[in-house]
Structure formats: structure tokens, C-alpha cells
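Protein sequences appear in the order of chains A and B. For the first sequence, the residue numbers in the working numbering are 1 to 120. For the second sequence, the residue numbers in the working numbering are 121 to 227.
The hints are simulated quantities; they were obtained by calculation from the structure and are not laboratory data. Ideal placement from N, C-alpha and C gives every residue a C-beta, glycine not left out. Any given hint could turn out to be false.
[Said to hold, decoys possible] Stretches of chain B that chain A covers, calculated by requiring three or more beta carbons in the stretch to come under 8 Å of a beta carbon on chain A:
| # | stretch |
| --- | --- |
| 1 | 135 to 148 |
| 2 | 192 to 203 |
[Claimed, not checked] Now the stretches of chain A that chain B is said to cover, found in silico as 3 or more residues with beta-carbon under 8 Å:
| # | stretch |
| --- | --- |
| 3 | 36 to 47 |
| 4 | 107 to 114 |
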Amino acid sequence: EVQLQQSGTLLARPGASVKMSCKASGYSFTSYWMHWVKQRPGQGLEWIGAIYPGNSDTSYNQKFKGKAKLTAVTSASTAYMELSSLTNEDSAVYYCTRWDYGSSYAMDYWGQGTSVTVSS
Amino acid sequence: DIQMNQSPSSLSASLGDTITITCHASQNINVWLNWYQQKPGNIPKLLIYKASNLHTGVPSRFSGSGSGTGFTLTISSLQPEDIATYYCQQGQSYPWTFGGGTKLEIK
């Protein structure tokens, strides 16, 4: 069974950085792109970027370049996203989601989300 | 960036009704259009991929159609468990973009 287990709630000060994780299981971690999606309270979905753990290739939404950094540790089947220079606008739930390349070409499995609150 | 315009932004319908949500892309995205359902307090879930294909386990009352720039999601025989916000998403080119969402309520 495919599962994406995300790390817990984060509380951070403005200007700080946070790093969250997404541990994958039930499939070959290195063979699927992992995408990250942002959802602010009461708002819609916003695509941040993606990483291919097989070779650490990344693609970012221009809006999040310099804000988000995506990495992956294949030995741990875990993807990470670090957010830097936090502001109130970064308070949101962040989802990792697997992209099913080769079948649906859609984000078929989602983590439970990591809530980030930025507050002084 | 490809803009995805979704309408309506909210919709109230009765149980048993058939409803349609539309999504318009600012440029040709062929059939690279996916629909997601997000129930209150829950994570998004894939409903329909490549415009018209039902994801595993999705009830057959859901259907999708369209290609190019215009797409629709239809829910027939509306059920209480269909209360959710629905999002379209284009996978034609980066950055992937979502529609603004349609919040479905039951009358």
C-alpha cells in the first residue's frame, strides 16, 4: 500500500527556516516524482515544485524559487522541503504528493499534510 | 503560466441532482487535466485523470470530459458524501496550476 507520511506541525518565527519531511512507502521511491503543494487556510491549492529522487532533479514554480528547497534521501525513502525567510504568507498546510508518471499522469497519493504557522 | 478558470466557485444542489463544474484553460492543454476532491478537513484526492478517466475506487456517478481548453466534471445523482471542494489541475506544463475550486453544498 502506497503511503506518504509527513512530519508534524511546525511553529516558527518570521525570518526563520523550517524543514519538513515526507516518508514514502509501498512503492519504488526513486522511480516517481514527488511534488509539493501549498494550501493556505480556506484557500486553494498551489503547486510549489517537484523532485525526482532517482537523480535529485528538481523543478520549481518560479514563485517559490528562493523560498523552497527540495531534497531527497533515497536510503530513507524520504523527501524534504525546506522553507526559508518565513513570513505570515508561508502559514499554510503543505502536502507532498506522488506523481504517477506512466499511468494516470496525476498526483495519485497525498500525504496528510504538514501545518506551518509563522508567528512572532 | 497556464491559467485555470473554474466555475462556479460555489454551488448548492439537492440530493439526487446532476451538477456540472467547468474548467477553462488559458491555452491548449490537450487532455492533461485532472480533477481532485477535497472533503472538509481532509486531504485532496484524485478523482479523474487525463480529462475523462476515473481513478481507482471513484464511483461511476463522477465523469469528466473535454479537451483543449474546455473541461467539465459532472456528478450525477448527488450523494451526501459528495460535499467537498473540487479542483481542476493542468499537467500540460510547469508550473502546474489549479483552478480556484468549486465548493459544493447540499441544499
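Structure-based check of all given hints:
1. 135 to 148: violated (count 0)
2. 192 to 203: Since 0 is below three, the answer is violated.
3. 36 to 47: The restraint on the stretch 36 to 47 of chain A holds, since 5 of its residues have a Cβ under 8 Å from chain B and three suffice.
4. 107 to 114: holds (count 6)
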